[in-house]
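Colleague: Read top to bottom, the protein sequences are chains A and B. As numbered in full-length UniProt numbering, the first sequence has no gaps in its residue numbers, which increase by one up to the final residue, 545. As numbered in full-length UniProt numbering, the second sequence has no gaps in its residue numbers, which increase by one up to the final residue, 545.
It is worth saying that the hints were derived from the structure and are not from the lab. Wrong hints could be hidden among the right ones.
[Unchecked claim] Derived pair list, reagent style DSSO-like, types lysine-lysine, alpha-carbon separation capped at 30 Å:
| # | chain 1 | residue 1 | chain 2 | residue 2 |
| --- | --- | --- | --- | --- |
| 1 | B | K528 | A | K172 |
| 2 | A | K186 | A | K454 |
| 3 | A | K528 | B | K209 |
| 4 | B | K528 | A | K528 |
Fair warning: this is a prediction, and the values are worked out from it, not measured in the lab.
For reference, the chains in residue letters:
Protein chains: 2
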Amino acid sequence: MLSLSLCSYASLLAVAALILVPVPGLPAIVDLDDGLTYVWPLPQEFGHGNATVLVDPGISLVVEGEGGGSAILRDAFDRYTRVIFQHNDVFDIFSAFRRRKSSFDINKLRVIVHSKDEGLQLGVDESYSLLVPDEDRTSVIGEVTIEANTVYGALRGLETFSQLCVFDFGTKSVMVRKAPWYIKDKPRFAYRGLLLDTSRHYLPIEVIKHVLDSMSYAKLNVLHWHIIDEQSFPLEVPTYPKLWQGAYSHWERYTVEDAYDIVNYAKSRGIHVMAEVDVPGHAESWGKGYPELWPSLSCREPLDVSNNFTFDLISGILSDMRKIFPFELFHLGGDEVNTDCWTFTPHVNQWLQAQNMTGKDAYTSFVLKGQQIALSKGWTPVNWEETFNNFPEKLDRKTVVHNWLGPGVCPKVVNSGLRCIFSNQGVWYLDHLDVPWDKVYTAEPLEGITDPSKQDLVLGGEVCMWGETADPSNVLQTIWPRTAAAAERLWSKQEAIPTTNLDTTALPRLHYFRCLLNSRGVQAAPVKNMMARSQPYGPNSCYGQ
Amino acid sequence: MLSLSLCSYASLLAVAALILVPVPGLPAIVDLDDGLTYVWPLPQEFGHGNATVLVDPGISLVVEGEGGGSAILRDAFDRYTRVIFQHNDVFDIFSAFRRRKSSFDINKLRVIVHSKDEGLQLGVDESYSLLVPDEDRTSVIGEVTIEANTVYGALRGLETFSQLCVFDFGTKSVMVRKAPWYIKDKPRFAYRGLLLDTSRHYLPIEVIKHVLDSMSYAKLNVLHWHIIDEQSFPLEVPTYPKLWQGAYSHWERYTVEDAYDIVNYAKSRGIHVMAEVDVPGHAESWGKGYPELWPSLSCREPLDVSNNFTFDLISGILSDMRKIFPFELFHLGGDEVNTDCWTFTPHVNQWLQAQNMTGKDAYTSFVLKGQQIALSKGWTPVNWEETFNNFPEKLDRKTVVHNWLGPGVCPKVVNSGLRCIFSNQGVWYLDHLDVPWDKVYTAEPLEGITDPSKQDLVLGGEVCMWGETADPSNVLQTIWPRTAAAAERLWSKQEAIPTTNLDTTALPRLHYFRCLLNSRGVQAAPVKNMMARSQPYGPNSCYGQ
Chain A
1 MLSLSLCSYA SLLAVAALIL VPVPGLPAIV DLDDGLTYVW PLPQEFGHGN ATVLVDPGIS
61 LVVEGEGGGS AILRDAFDRY TRVIFQHNDV FDIFSAFRRR KSSFDINKLR VIVHSKDEGL
121 QLGVDESYSL LVPDEDRTSV IGEVTIEANT VYGALRGLET FSQLCVFDFG TKSVMVRKAP
181 WYIKDKPRFA YRGLLLDTSR HYLPIEVIKH VLDSMSYAKL NVLHWHIIDE QSFPLEVPTY
241 PKLWQGAYSH WERYTVEDAY DIVNYAKSRG IHVMAEVDVP GHAESWGKGY PELWPSLSCR
301 EPLDVSNNFT FDLISGILSD MRKIFPFELF HLGGDEVNTD CWTFTPHVNQ WLQAQNMTGK
361 DAYTSFVLKG QQIALSKGWT PVNWEETFNN FPEKLDRKTV VHNWLGPGVC PKVVNSGLRC
421 IFSNQGVWYL DHLDVPWDKV YTAEPLEGIT DPSKQDLVLG GEVCMWGETA DPSNVLQTIW
481 PRTAAAAERL WSKQEAIPTT NLDTTALPRL HYFRCLLNSR GVQAAPVKNM MARSQPYGPN
541 SCYGQ
Chain B
1 MLSLSLCSYA SLLAVAALIL VPVPGLPAIV DLDDGLTYVW PLPQEFGHGN ATVLVDPGIS
61 LVVEGEGGGS AILRDAFDRY TRVIFQHNDV FDIFSAFRRR KSSFDINKLR VIVHSKDEGL
121 QLGVDESYSL LVPDEDRTSV IGEVTIEANT VYGALRGLET FSQLCVFDFG TKSVMVRKAP
181 WYIKDKPRFA YRGLLLDTSR HYLPIEVIKH VLDSMSYAKL NVLHWHIIDE QSFPLEVPTY
241 PKLWQGAYSH WERYTVEDAY DIVNYAKSRG IHVMAEVDVP GHAESWGKGY PELWPSLSCR
301 EPLDVSNNFT FDLISGILSD MRKIFPFELF HLGGDEVNTD CWTFTPHVNQ WLQAQNMTGK
361 DAYTSFVLKG QQIALSKGWT PVNWEETFNN FPEKLDRKTV VHNWLGPGVC PKVVNSGLRC
421 IFSNQGVWYL DHLDVPWDKV YTAEPLEGIT DPSKQDLVLG GEVCMWGETA DPSNVLQTIW
481 PRTAAAAERL WSKQEAIPTT NLDTTALPRL HYFRCLLNSR GVQAAPVKNM MARSQPYGPN
541 SCYGQ
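With the hints as extra help, turn the sequences into a complete structure.
Modeller: Structure follows, in structure tokens:
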């Protein structure tokens with residue numbers, strides 16, 4: 001049995017402050033108070049001791065359980081050992097102090113995965129437990145143990161273990177402080193998302209993969225891929241091959257194989273990819289290849305509701321995309337629909353009159369048709385909140401409503417029996433550069449919802465990285481570090497997340513996580529700059545900016 | 001024999017414009033005029049035809065010559081095949097059009113490296129020739145050939161070949177357009193540098209490696225590592241282990257093994273690492289571990305010239321660093337020395353009087369002592385231009401003078417018989433965010449120097465990424481794309497570089513190269529934004545911003 005001094009969240013948070021040691025005239029030296037290890041997001045339950053254990057750079061993976069043979073697990077172990085052992089001492093050019101291999105405390109990582117089912121459904125079991133023994137090795141000698149029901153739980157455990165491992169520059173060894181550790185962890189919400197917009201600016205595959213890597217470090221699990229919008233249509237649709245004539249250029253495109261590659265890359269990090277086809281607004285670029293989708297050449301949005309081809313084409317797109325995106329949720333947009341082009345264009349207006357419909361009726365009809373198409377392909381439709389705000393009763397009962405306009409929407413959605421994703425733009429739209437990290441952190445998806453059965457209808461939340469001014473050059477530092485604030489909100493126990501004294505509780509840990517992202521090659525911006533992604537104000541430690 | 005239609009630079013440049021196809025109300029579609037392939041920087045000599053050849057994703061490396069067995073070459077081949085074949089079609093989920101393997105035109109890359117000497121000296125032979133056959137394969141069937149005297153020349157050839165390869169979204173194949181190609185190439189200057197400053201902000205190893213990767217794409221070959229400055233001392237010095245107490249924090253440090261790792265990583269990309277120890281100014285952080293280096297606690301810079309320990313310590317640092325940095329150039333700084341702390345501090349002033357020295361004399365003496373220490377370790381000293389401006393005749397005749405204060409310095413330096421590196425801050429300091437790309441591009445290191453024997457004394461030039469407001473979150477997009485402008489200036493024939501009509505000659509090619517960097521995961525900023533690294537002004541194609 002491990003001897004554990006289980007500490008409460010409060011005590012962890014109280015000591016989890018970086019100490020700034022002031023030196024007159026020079027920037028303060030930054031230190032941890034007593035070697036406490038920071039993990040972001042905070043695990044649900046944990047306890048630790050006071051020992052320090054050294055981890056062997058040659059640590060080996062030992063697997064158990066029906067799912068132990070997973071290639072996803074093996075790849076993740078290789079990735080994480082590269083992350084953990086960035087500082088190597090293989091050259092030993094100065095014969096500096098070095099531990100002999102036999103003196104390492106940890107040389108095996110035992111990962112038990114009970115199920116070999118690698119299906120990545122919404123709500124897939126991401127729970128895990130993690131044990132790091134102390135140096136007297138009264139339990140299993142020299143082994144760290146991660147136990148999970150699915151390989152995706154094991155991935156979360158690997159991430160946590162990688163954060164417990166720190167490189168000590170004195171001994172030039174990777175160590176875990178405050179061992180033994182016992183962590184039992186699972187996410188609070190099943191849906192912890194980030195929206196990427198590849199229409200306003202094309203993001204190369206390499207960039208999307210980089211974003212996926214960074215998401216896994218914060219235990220986010222849904223990439224909401226807003227692939228297409230009015231500005232450009234980068235995705236190949238084999239059934240309608242002229243659609244990607246709406247791409248910005250011949251090179252700013254994704255083949256179906258590229259999209260599939262991204263889905264698989266995401267899956268190997270336990271991340272769902274939810275695709276979006278935003279209709280009937282936000283679709284002007286479709287008409288570059290098929291101008292008949294525009295009400296007229298001078299009035300191009302929304303898509304022509306009076307033309308059957310519009311729905312044939314949506315059906316064709318969704319059929320093709322169904323082969324690429326296995327995730328059960330599919331986003332149909334439905335936001336910001338201005339129906340003037342319908343009422344002002346003669347042939348569409350004629351059709352509306354024949355149907356005895358107003359523009360709003362036609363908008364409703366369009367959204368509901370889209371939902372039926374998605375449902376017929378086996379998808380659960382997700383729609384932006386305008387659809388709910390306008391015709392809540394008409395939405396299919398499977399609909400997931402995606403909040404964005406403001407607070408207080410999810411309470412109405414769940415009261416009506418529908419499910420909700422929280423993305424209140426005032427706090428979780430990352431293109432709102434003036435929102436500071438603490439406003440992101442204190443936003444609560446369950447605000448105003450007390451009935452547990454209603455709370456269950458909130459799938460989670462998502463931060464949205466709209467791309468009008470975000471391109472490959474700055475998208476990552478617009479996403480990070482503020483997305484980390486939302487990630488802890490979505491993963492950790494609500495009661496464990498501090499709501500006051502953030503400067504001494506959450507902030508030092510967020511500084512630490514931001515610098516950890518930097519060390520992993522993620523361009524997370526300074527935490528405290530006035531505007532997201534703005535430059536550091538001057539020379540200083542990463543831990544102080 | 002290859003049948004070649006050799007074209008002049010002028011004709012290449014004339015057709016090298018991206019075509020913007022205007023679509024009313026939508027961003028223009030970007031296209032190349034007739035499939036011309038862009039290479040940045042421009043090769044010295046080349047010719048091409050009009051055929052298109054397809055490259056096999058399973059292309060194999062065939063080596064020849066005494067240096068053909070190089071591990072550096074094999075690693076580079078693996079890197080470049082990953083870069084070239086980013087879009088894969090292995091899933092084939094839609095059975096879309098795909099060429100049968102037998103129909104690829106190129107399935108071998110033959111690399112001939114004549115010398116097995118992998119020493120990376122200043123002026124190492126980086127020349128190469130590159131042949132891409134046309135589809136009728138009248139020469140060597142199915143083979144691209146790169147021939148070089150050294151592996152470093154082969155690396156440059158691989159980079160050029162990777163830029164000739166473009167993914168065609170129609171056929172989903174990588175192709176080379178305008179084949180056959182015959183390229184004979186070598187750099188104009190032996191020294192093509194980028195300064196990184198890891199004192200104002202610590203840059204993690206991952207970030208430095210990312211910068212090195214990006215440098216290799218533009219054929220830059222010197223990382224000037226400004227490791228230490230007054231704000232922080234991140235490097236381990238085993239002989240004086242308290243020096244890195246001047247680091248910002250316990251984690252913002254480089255072990256000697258880290259530094260060695262970076263040197264090797266750079267070498268495998270044909271990049272020298274020139275370390276800098278900037279004395280006697282810019283050294284306040286040294287005193288955190290050894291306060292006796294400060295004239296007094298209240299007056300800390302320059303390093304105490306009156307204390308022998310100062311020079312013992314410099315000698316110790318240089319001895320330790322000699323084991324890490326094999327490059328023959330070593331930068332001793334010497335800039336911005338304000339000697340007030342010497343004249344105002346009683347014990348130092350007393351020493352000055354005893355030596356019958358002014359502050360300026362002592363500055364001279366300090367720099368010359370530093371030079372002698374560097375020379376005694378087998379290094380060639382590099383010093384910032386203030387040393388030359390103040391005491392040109394006293395500098396060791398091996399000195400390389402590093403220009404920065406303004407134009408017109410290198411002509412004076414080479415007239416005095418010393419060698420020079422051009423970094424005029426008005427054009428090549430990357431922290432000057434208001435300098436547009438074309439000002440970087442048109443800066444000429446040989447300006448004002450007409451005598452060929454004097455021109456030979458200009459080693460080259462360097463862009464400087466000072467780190468006051470550049471940290472891991474924004475350093476790459478401050479470096480790129482403007483550094484590419486300098487890179488072409490330093491590599492290509494002077495007469496081939498356009499000086500007029502840049503918007504139709506160089507600019508479209510630079511747009512193209514910036515987007516290529518993005519596709520390789522490098523956060524190059526929009527080319528035409530008003531201030532370097534600022535956000536794109538709105539939605540658009542990468543090729544138009």
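Colleague: Is the hinted pair K528 (chain A) and K209 (chain B) satisfied, with a Cα-Cα distance of at most 30 Å?
Modeller: holds (27 Å)
Colleague: Starting from K528 (chain B), check that the Cα of K528 (chain A) is at most 30 Å away, please.
Modeller: holds (29 Å)
Colleague: Check whether the Cα positions of K186 (chain A) and K454 (chain A) lie no farther apart than 30 Å.
Modeller: holds (20 Å)
Colleague: Keeping to a limit of 30 Å between CA atoms, is the pair of K528 (chain B) and K172 (chain A) held or broken?
Modeller: violated (45 Å)
Violated hint: 1 only; the structure is consistent with all others.
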